[in-house]
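*Asks:* Same order as they appear, the protein sequences are chains W and Z. The first sequence runs contiguously to residue 326 in our numbering. The second sequence runs contiguously to residue 326 in our numbering.
It is worth saying that the hints were derived from the structure and are not from the lab. None of these values were measured; they are calculated from a predicted model. C-beta atoms are modelled at their ideal positions from N, C-alpha and C, and glycine is treated no differently. Possibly wrong hints are sitting among the right ones.
[Said to hold, decoys possible] For lysine-lysine, the following DSS-like pairs were computed, each having C-alpha atoms within a straight-line distance of at most 30 Å:
| no. | chain 1 | residue 1 | chain 2 | residue 2 |
| --- | --- | --- | --- | --- |
| 1 | W | Lys32 | Z | Lys108 |
| 2 | W | Lys93 | Z | Lys32 |
| 3 | Z | Lys93 | Z | Lys323 |
| 4 | Z | Lys108 | W | Lys164 |
| 5 | W | Lys108 | Z | Lys108 |
| 6 | W | Lys35 | Z | Lys135 |
| 7 | Z | Lys30 | W | Lys164 |
| 8 | Z | Lys164 | W | Lys30 |
| 9 | Z | Lys47 | Z | Lys35 |
| 10 | W | Lys135 | Z | Lys108 |
| 11 | Z | Lys135 | W | Lys108 |
| 12 | Z | Lys135 | W | Lys26 |
| 13 | Z | Lys108 | W | Lys273 |
| 14 | Z | Lys35 | W | Lys164 |
| 15 | Z | Lys32 | W | Lys108 |
| 16 | W | Lys234 | Z | Lys35 |
| 17 | Z | Lys108 | W | Lys93 |
| 18 | W | Lys234 | Z | Lys32 |
| 19 | Z | Lys47 | W | Lys108 |
| 20 | W | Lys135 | Z | Lys67 |
| 21 | Z | Lys26 | W | Lys135 |
| 22 | W | Lys273 | W | Lys47 |
| 23 | W | Lys135 | Z | Lys32 |
| 24 | Z | Lys135 | W | Lys30 |
| 25 | W | Lys30 | Z | Lys234 |
| 26 | W | Lys326 | W | Lys311 |
| 27 | Z | Lys93 | W | Lys32 |
| 28 | Z | Lys135 | W | Lys65 |
| 29 | W | Lys234 | Z | Lys30 |
| 30 | Z | Lys35 | W | Lys135 |
| 31 | W | Lys135 | Z | Lys135 |
| 32 | Z | Lys323 | Z | Lys47 |
| 33 | Z | Lys32 | W | Lys164 |
| 34 | W | Lys164 | Z | Lys26 |
| 35 | W | Lys67 | Z | Lys135 |
| 36 | W | Lys135 | Z | Lys65 |
[As the list claims (entries may be wrong)] Pulled from the structure, derived: some chain W residues nowhere near chain Z, Cβ distances all over 12 Å:
| no. | residue |
| --- | --- |
| 37 | Ile18 |
| 38 | Lys124 |
| 39 | Asn250 |
Protein chains: 2
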Amino acid sequence: MKQVIEKLSKEKSAQWPDFFKIISQDLEILEENLVVKLPAKSKLLKEIISYIFLSGGKRLRPAISLLIAKATGGVKDKHIILSEITELIHTASLIHDDIIDSAKLRRGNETINSLWNNKISVIAGDFLFGQASVKLGELENTEIVKIYANVLSDLCDGEIEQFSLLFNPDITLEKYIGKSTSKTASLFAACCKASALINNQPIEIVNSCNQYGLSLGIAFQIVDDILDFTSDSKESGKDVFSDLKNGLITAPTLFALNSSNERAKQIRILIESRFNNNENDFDKALRLVFELGGCEQAKQLALNYIENAKESLSFIKNPELKDYLLAIPETITKKIK
Amino acid sequence: MKQVIEKLSKEKSAQWPDFFKIISQDLEILEENLVVKLPAKSKLLKEIISYIFLSGGKRLRPAISLLIAKATGGVKDKHIILSEITELIHTASLIHDDIIDSAKLRRGNETINSLWNNKISVIAGDFLFGQASVKLGELENTEIVKIYANVLSDLCDGEIEQFSLLFNPDITLEKYIGKSTSKTASLFAACCKASALINNQPIEIVNSCNQYGLSLGIAFQIVDDILDFTSDSKESGKDVFSDLKNGLITAPTLFALNSSNERAKQIRILIESRFNNNENDFDKALRLVFELGGCEQAKQLALNYIENAKESLSFIKNPELKDYLLAIPETITKKIK
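In isolation and in its complexed conformation, chain W is listed as follows (with noise of 0.2 Å):
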């Protein structure tokens, strides 16, 4: 096992972009604590874990939580935990997603609901938030603690928000944005909060840090989104058009269905009947999501929230680690561009 973590370690960090460099050795360590040191019992759990983090996840969150934290008085060995809680909390609710998006793709492998089950998927699920909390207790720190379990109850309000919402064009944008902060923003923001948390930092600089992470993570939603529309199954690692097909409304589809265009409606109307009129209402209205410009007016908003996360670092001085903390807004737009 110990082989297949320095490869893999080694062909990840070839990966990594710039900005991912300068962290690699805690990177590292977050690795082999996530793969091989977390206290499974049974053969099979070890095995799905394996599995789950060697199968991919780019540990984008934990990334940015220690860049915060070189950026607010240097890496401490409670930021390695808050890592790990963080990339725990953000696998297991995707274990849990899939099974309620019944999806069969992941980072480009199979979900854990097709390779084994949605049984197992619940149990692999619970056990890492379990662990997440586990690790919560170890950083004795109530506020970071209640800031992760809002983080939680945020992970769920998101989902349900979005189970309810499914096949109903009357979806607002502020809807939109306050699922996807629930859905997402949600943990990008806790993980640089309590980063400067840790860091002992006056009170204006740990709501910059959270600011960073809530327009970040909103905007790493919004592509996430238009990616569904744009990339294909093999480039994104995940099944496509998935959303809309499934009845989500995501910003390319909301803003097709606020354009003023005549078309608007009939967008409208084959999402009210949920594409079961005919054989090709599906494809027609995908059609008109892209020809009522919803993909480019996604990105532009995309954009506007990755200006305010921009803002929010004029607090560092350091004009080396600014340009990772500012190259991480770049690389989630450079899939869009």
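Keeping the supplied structure of chain W fixed, place chain Z upon it in accordance with the hints.
*Replies:* What follows is chain Z alone, placed relative to chain W:
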């Protein structure tokens, strides 16, 4: 809704055993907090939560925790929060267990996965775990955060251990007790220990409370396992004979398997073949468990743990409270007498 709660509270109080009555006010607050005060945003989730908490549940763990509070210095606001956390974790784990076991009945009512579906059950369970985390944060006590984080971890371990030991006749008594501790007793122990910790009790008393919960929890699980053999579906409110049918080797089967009687080998063969060789294989195995006295031996084991639980209460001087806490084990074993 308020009227429903009042009606329910009255019905509940009428059913409560005597030892619940001195904490009935606290239990009523708990009831209202669970049924109507959880901050679920979506209508669907609100409905599910009401269904879950209105459709039964004896609130045994909160009651024990509150009685321990009374016996160690009095019930404080934080004890109510602790009771909520305990019941939330217990309920969330039941919801996810029902997915894993494909159970149709729980507390005499249809399960969430049966009434809605597995996806909704995943979300509902996660939401309750999330709420438990939020309330854990409110306690502002890192020691209790650690205790409950380990409970969450134990719950998963127990579930996975159980899953990986299905149809395995070689399970030892030690493994069975270990699994029962993780899956059940760990939460009983935590709610007793944390209750004493909130009241700033000395370490010996905290440990005694922990021991009381642990022994009580193991006994509770053994009794529950016996009831799966001896009660009917209407009485237990659950599917019966489902453990053995699903390959789960609990105390009664374990004792029958370890009997020196020649027929023990027959059970082993039937389990190993997953009752698939002949139509009446399962009925045959069930009969053998009864004939070999599996349930009687399991009962004796439960009574031993009950004795341990009672012995842990020697520190309590108030005779009335001691009687109440001694009455709880009696209530548990009454069902198998």
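*Asks:* Flag every earlier hint the structure violates by its number, smallest first.
*Replies:* 22, 38
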